[in-house]
Structure formats: C-alpha cells, structure tokens
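Asks: The listed protein sequences correspond, in order, to chains A and B.
Going by my numbering, the first residue of the first sequence is number 511, and it counts up by one from there.
Going by my numbering, the first residue of the second sequence is number 1397, and it counts up by one from there.
Quick caveat, the hints were computed from the structure, so don't treat them as lab data.
Each hint can be trusted.
Just some of the chain A residues that point at chain B, by a computed CB distance under 10 Å:
no., residue
1, 586
2, 589
3, 592
4, 598
5, 599
6, 601
7, 618
A few chain B positions that, by computed beta-carbon distances, are all more than 10 Å from chain A:
no., residue
8, 1415
9, 1419
10, 1444
11, 1495
12, 1499
13, 1518
14, 1553
15, 1596
Idealized CB from N, CA, C, for every residue including glycine.
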Amino acid sequence: MSASPRPVIVVDKISKWYGSVVAVNEVSLTIEPGVTGLLGPNGAGKTTLLKMIEGLAAPSDGAVTIFGETPRNNPDLFRRVGVMSEHEAVYGFQTGRQFLEFSATLHGAPDVGAASARAIERVGLADAQHRPLGTYSRGMRQRMRLAAAIVHEPQAIILDEPLNGTDPRQRLEFHDLMRQLADEGRTILISSHILEEVETLADRILLMVSGKLAASGNYRAIRAKLDEQPYSVRIVASDPRRIAAALIELESIESVTLGSANDVMVLSSNVAALQRSIARLARDRGIRLERVEPMDDSLESVFSYIVES
Amino acid sequence: MAEILRLSLRQILGRWRALVIGLLAAMPALLVILIRVLGESELAFSNETIDLIIDGMVIGGIMPIVTMALASAAFGNELEDRTLYFLVLKPVARVSIVLAKLLATLAVAVPLVVASGVAAAILLGAEVQVAGLLALVLAAGVTAYASIFTLAGMLTPRAIAYGLVYVLVWEGLLSSIVSGVRYLSVRGYTLALLHGLDEEGFAVFESRVIEFPAAIVGTGVVIAAFFLLTLYRLRTMDVP
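Modelling step: build the complete structure from the supplied sequences, incorporating the hints.
Replies: The structure is reproduced here in structure tokens:
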C-alpha cells in the first residue's frame, strides 16, 4: 500500500462571518497534488473559502497553510502558488503579452520573455497576444488570465470559476491543460458551480453547501449519490390523465400528480430513462406532448439532497 | 516596484483625468496672462497677488484638488476594477506596492502643481530664488496630500466627494478662521514653510502661520503617518 501524498493545502476548522452572516462554517480539508474540484451552488461560500486559502481574506476562526506556510501577508509564498480569481477584470489597456510579462516580472521569473511565451502558447493565444486585453472575448480573457496564473510555473494553482465564459472547445483544451499540469505533479484546486465542468477533470471533489463542506471524495461516488435523487419533471400533454396512467407503470417513476392545467408533475429517480420512454408512450397512445421540463435539476436542489441525505 | 509604478501611472492618467487636471493646473498662469492682456501691466509679485493667486488658487485649490484626483485613484481604480488581488497575490512586499502607488501620484502631481505655481509666480515677476522655494514647498505639500488621499482612495469609493468637503471646510474655511486648525492642516504647513523659508518675500502670511519647526514636523508626520496607515490597511483588509 502506498502512502498518501503529503497535503499541500491544509484548511483547519476555518470560518468566516460578516456580522451575523456565516459565509464559511468550520471547514476542514486537505488538498494533495492532482486536480481537486471545489463544487457548490452560487453563494455556497466557495469564493470566500478560496480567498482565505489565498490569504486575501482573514479567517474569523481557524487556520490555513499552503506548503506549511500561512498565506496571509506572505508574498514570497506566491513564487510557488498561482491564483486566478473569480473577477474577470484585467488591465484593459495592456496587450495580452504585456499582461503576461507584467505578471512574470512581478513573480520574479528569470526569463520573462520565455516564461510569457510559454504560458501564452499553453493557453493557445499566441495569435492574439499583441492585442489589447480590452478587445478580447470573455473566453479569451479567461484563458489569458489562466496563463498569468501559471506563467511562473507554480507548484500549487488555485482557480476560481475558470471556465466562466469559455466555449466547449476551450473547455476541452482547458481540461487537457489541467491534466498536463497535474501530471507534472502540481496541486490544482478548481472551483465551479457546474458539476459537469469538473466531474471529468477532478481526481477528487469537495462539495460545499451553505458554507459547510457537505461531501468529499471521488466524483463517481458523489455522482452515484446524486443519481439517487428523485427529480421533478413537468409534462404538458393533450391528454394528461392518460399520459399519467401510462407513466405510473414505469419503474423509474416514484409518483405522478395531475396539475390544474394540462400538466402532470412526475417524480422520477431516473430522468434519462423517463425521457427515453415518454415519447414512445405518448406516440403509442396518440397523445401530443407539448412540454417536458425538469423542474428542480438545479445544483441547489442536488446539493440540498446531498446535505439532507 | 518599477513595473507597478509604470502600471499605476497608466491607470491614474486616464485621458479625461489628465486633460482636466492639466487645464486646472494651467489656470493660475492663464489668469495672470489674461489680467495682463486686459491692461493690468502693473501686476506684480506683491502681497495682494501672492495672497490671491499663490495661496488662494494654487495652495488652497489646485494643489489639493489635483493631488486628490490622482492619489485617490491610485488604489481606488484597483478596488473599483477589482484588480487589487492581482498585485497582492504576487511575491511583492506590501510596502513596495504602497510606495509605487504614492510615487506614481507624485510623479504626475508634483510637476503639475509646481509648474502651476512657479509659472504664475514667474509671470508675476517673482525672483528665481523665490520661485525655487515655492517649488520646494509645493512639492512637500503635494506629498502630504498624496499620502492622505492615497489612504482615502483605499478606504472609500467616495474619496473625491469626502476629499472635496475636507479641502473646502477643513483646509479652506476652518484653517483660515481657527488658528489651532493650522497645526493640523496641510495648507497651514505649506504657508508656514513658505513664510519660514522667506519671511520677507511671503510676509503677507505672517499673521496666519504656525511656527516653522512645527510646519516641518507636521508635514513629515502627515506623510509618514498616512503612508503607514495605508500600508496597515493593505495588510489587514479583505481584498475584494
């Protein structure tokens, strides 16, 4: 049996409150080399937690260390740590190349030009590097900000919602880049409010809800738990009574309720199976389906389920 | 630090800000030229013009307002644009960041305010030595104001509004009519420094200046204290 890798980031019973509002409540976790996804709905406290890990915010209680050092007011630590914040603001008057060189210089890179060129190449923005950042699309800005976070080849990388504004192709490239960086032995912490963004990328997922760490572990185990959750689906059909009668016979259906309009509310433990079956059921009975819409498949409801179960 | 200084210069010198403060700084000289064109050829570097133009316009108005416009933007722009995290998450000492921001303000405000005052003084017929003293004292006053308004820009997004109230009420009104306020006023220090360095040339200030040593100490304390407070704030604040 191999020993667990030494944790790079250690969060010990950390809390943050603003007056009577508790943003983060006694969270403890460790993060090892590889990709860790910090997942949670908007307002769960992910960004506040990351800010305390990065030293941008002082914890109200508890402690954080990165490489055994406290990050608050410890500038030298950031020779080994790269951060991309949630804020998408950049210095719009700088070109992408100037932005990278600025970042590399502040990080004390020995060869600023080479480091900048390498980071720009890694995010695939060589062609746009001499354009002002103000002219970049949102996705391009995100990629250049990512390049700035890794320009000094940090051993630990913290990325807050890095995929905001990126298109599917850029997400694939991002996944590849993260895997490369992880394979080089780096520790990467990525936050997101979208499960699908991190489920194929992260070796480990931390689930945060209402300021607390709700679950952690392998994404498959968490995903399996998520799949146990019954989902509500609203179906509008030309003959709701007959479609309701047909649906109740399906194994994946837990309950069916007739609504006041021509709609049926269905509670299903397997939405995918329901979606596959319902079209056939309606066609066989000559019923016209007008709408099939999941009602509560938002992350908030998914996370609520995890917390409550 | 040089990189942050360059960045800060670019930030505080937005096109409109540069144009407005440039025009503001040119006003005393333009006023002197206008008065001469209108036939006041006897206009001289006298008690009356020193009081009206050097104190009233330059020291009481242009020096604090130009410095405030630049210094409050030094950290204010970073906070408003939410880019401050970018600087503090670099291996750069906090003191270097604050120093770079202050120096960026001084690099623009000192030449502008000094040129504003010295140009007006020369046009009025001041001797070169007097103009030199004026330049030195204006530079000290700008540094004191820059230190105050750099902190203000970090504390509140309404630094300009609060700053204007401070300049008009405290520095303008109260320091003119309440003698004790002059011990806690950059304008009071500036007038006292001018008078202390050239009692004859700036005799018009005699009745309303504090002691010369007090002005030197006061200026130094303001510069140091507000610099340290800005540094303390940067170290203890939660960066947005």
